[in-house]
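Work the whole structure out from these sequences, hints included.
Taken in order, these protein sequences are the chains called A and B.
Numbering-wise, our numbering puts 60 at position 60 of the first sequence, and it's gapless, one number per residue.
Numbering-wise, our numbering puts 402 at position 50 of the second sequence, and it's gapless, one number per residue.
Hints are computed from structural coordinates only; laboratory data are not their basis.
Mixed in with the good hints, there may be bad ones.
Unchecked claim - A few chain A residues that face chain B, going by a derived Cβ cut-off under 7 Å, partial list only:
hint, residue
1, Arg229
2, Ile245
3, His246
4, Gly277
5, Thr322
6, Gly323
Unchecked claim - Taking lysine to any residue and the SDA-like style, the derived pairs with C-alpha atoms no more than 25 Å apart in a straight line are:
hint, chain 1, residue 1, chain 2, residue 2
7, B, Lys405, B, Ile435
8, A, Lys256, B, Val389
9, A, Lys231, B, Arg392
10, A, Lys236, A, Leu171
11, A, Lys206, A, Glu183
12, B, Lys444, A, Glu252
13, A, Lys259, A, Gln122
14, A, Lys231, B, Asn397
15, A, Lys230, B, Leu379
16, A, Lys238, A, Leu171
17, A, Lys230, B, Pro388
18, A, Lys206, B, Ser393
19, A, Lys137, A, Glu121
20, A, Lys176, A, Tyr329
21, B, Lys405, A, Gly323
22, B, Lys370, A, Leu272
23, A, Lys238, A, Tyr204
Just so it is clear, CB atoms sit at the ideal spot from N, CA and C, and this is done for glycine as well.
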Amino acid sequence: MSDSPMIVAVTGMNCQPENPGPGLAVVRSLRQEFGASIRIIGLSYDVLDAGLYLNEFCDAAYLLPYPSAGEQPLLQRLEQIQQQEGMTILIPCLDAELLNFIRLKDQLLAVGVHMVLPTREQLLQRNKDRLDVLAAKADIRYPESKNISHNDFFYHCHDEGWRYPMVVKGLFYDAKVVYTPDEGAAAFRSIAAEWGLPVLVQRYAKGHEVNLVALGDGQGEMIGAVMMRKKAVTDKGKAWAAITIHDPHLEETARKLIKELRWSGPLEVEILKEESGQYLLIEINPRFPAWVYLATEAGVNLPAALVRMMQGEELTLAEPETGKMMIRYAQETVIDLKTFESMMMSGMHVPL
Amino acid sequence: MNELSWQKEHNKTDLFPKMEALQQLALNDSGFVFDPVNGRSFTANSIGLFLLKTLQKGADLDALLTIVVDEFDVDMRTAERDITEFAGQLRKLLA
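Structure (C-alpha cells):
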C-alpha cells in the first residue's frame, strides 16, 4: 500500500456553525501535513455542505446517498467515485454512516479503498444506550440513563425517582437539557423525528466538559491523546471555544476505555468533570471530533498520523502543547452557479 | 484566643493546593495564570503572583509568612489573614 499514490477521501464536510462536521478539520489537518502531495476528496450528503466547495482543502468533492438509503446505494456511489479518483484511503467522520462503512469494509478494500474502523460489536458497545455496561466494565462513573420510546415518560418520571432537570439525547447526536414535562416531551419529539428511537434520558449533572481525542491501535493501546476543556459552546453544546489541557485522570479513563474496547481508529471521549471534582463518562464518539484541528495545532496531527499508520509507517508523535486555544468562527464561501449546478445535477465538483 | 485554621497542624498541609498542582501552573509576569490540568485561566495581582512564585519554589506556610512580613511591611496577623484568603481562592480555582 505504501507505493500507492496518496489519495484520501474524507466524509462529514458539513459546516453548520452550531454543529459542524469533523470532515473540514480532518482535511485541513491533512493539507497542513502533506501539502500538495496529497489529493483530498471531500464527501458529503447535502448540496449545501460548504466544505465541498473549499478548494484549498478539497481537490474534488462528491455527494453520497444519505445513510438511511442503506449500504448498497453507498457502495455503488463509492465505486463510481473510486473509478474516477482512485482513492486508497477513506476516513469516515460521522456517527450515522459508520455502520454502513463497517458492513462495506471488505468490498471497499477489494476495490483498493482502505479504512481503519472499529468492528460492529465495538461500535455498538459504545452506543449511548449501552454505555452504562461499558462504563461499569472499565470501572468509570456514568450518569443514570434510560431508553425511552414514548413521551409519556416525562409526565410520570417522578414515579420512577427521576427529577428535573434531565438531559434528553438522540442515539447518534443531539442533547437537550429539559426542566419541565412539556419541555421533555417536545425534546423527545424533535430528537426522535431526527435520529429515531430509542431516545435516551440521563440524570443532569453540573460541571464542565473535558474531551480527549486519540487513535486506538486495535490491540488496546491508545495513540496520541490530546485533551481539551470547552470554554464556550453552541446552542447544541458543541465546542465554540476550547483550550488544550493535560488531565491525567481523563487520560487514564480514555486509556481504560480503549483497552476495554480494543478500539481501532479515531475516537473522542467526552467526560463531565463535576463541581465536586468527580468525573462522569458522557459519550464516546467513534470518529474524529470537529475540534481535531486544535489537536493538530497543539502538535499532534492525528488525521495525518492515521494516514501514516495506514501506510505502515512508524509513528513518532510529539507531546501536545497545553494552553493552545481555538475560537471557532463562521465564514462564507462564494461559488458560481456552474459549480452549484454540477453538484446539484451530478453530485460532484472537480475544479480544474 | 482561638486557634486559627493554619495554626492547626493538620490543616497546614491542606491550606494550599497540592505542590504538584502549583508547580504545573504557567505564570506570566503580566499576572496571567493558566492551569494546564483543568484549563482554567485567571489573573493575579503582583502580590498574588509573588505568592505563587514563592509557593512554586517550595515555600511552606511558615516560610511564606516570614517572607511576606519582610517584603511587604505588614504585621503577622494581616499576612496570615491575607494568605488564608488567597489560599482559599486558589483551592477553588485549581479544583
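Hinted pair Lys444/B and Glu252/A, Cα distance within 25 Å: Holds - the C-alpha atoms of Glu252/A and Lys444/B are around 24 Å apart, at most 25 Å.
So, as I understand it, the hint says Ile245/A touches chain B; can you test that by seeing if any CB pair is closer than 7 Å? holds, 4 Å
Any CB of chain B closer than 7 Å to the CB of Arg229/A? It holds, given that the least Cβ distance between Arg229/A and chain B is near 3 Å, below 7 Å.
With the threshold set at 25 Å, check whether the alpha-carbon distance from Lys256/A to Val389/B stays at or below it. holds, 19 Å
CA of Lys405/B to CA of Gly323/A, is that 25 Å or under? Within the cut-off at roughly 19 Å; holds.
Check the hint pairing Lys231/A with Arg392/B against an upper bound of 25 Å on the C-alpha distance. Status holds; Cα separation ~9 Å.
For Lys238/A and Leu171/A, compute the direct alpha-carbon distance and say whether it is at most 25 Å. holds, 16 Å
Does the structure keep Lys259/A and Gln122/A at a Cα separation of 25 Å or less? Holds, because 11 Å separates the two Cα atoms, which is no more than 25 Å.
Does the alpha-carbon distance linking Lys206/A and Glu183/A stay inside the 25 Å limit? holds, 19 Å
Does Asn397/B sit within 25 Å of Lys231/A, going by the straight-line distance between their CA atoms? Given that 25 Å is the threshold and the Cα spacing comes to 23 Å, the pair holds.
Mind checking the CB of His246/A against every CB in chain B and telling me if the closest is under 7 Å? holds, 5 Å
Hinted pair Lys370/B and Leu272/A, Cα distance within 25 Å: Distance of about 22 Å is within 25 Å: holds.
Hint compliance for this structure: every hint is met.
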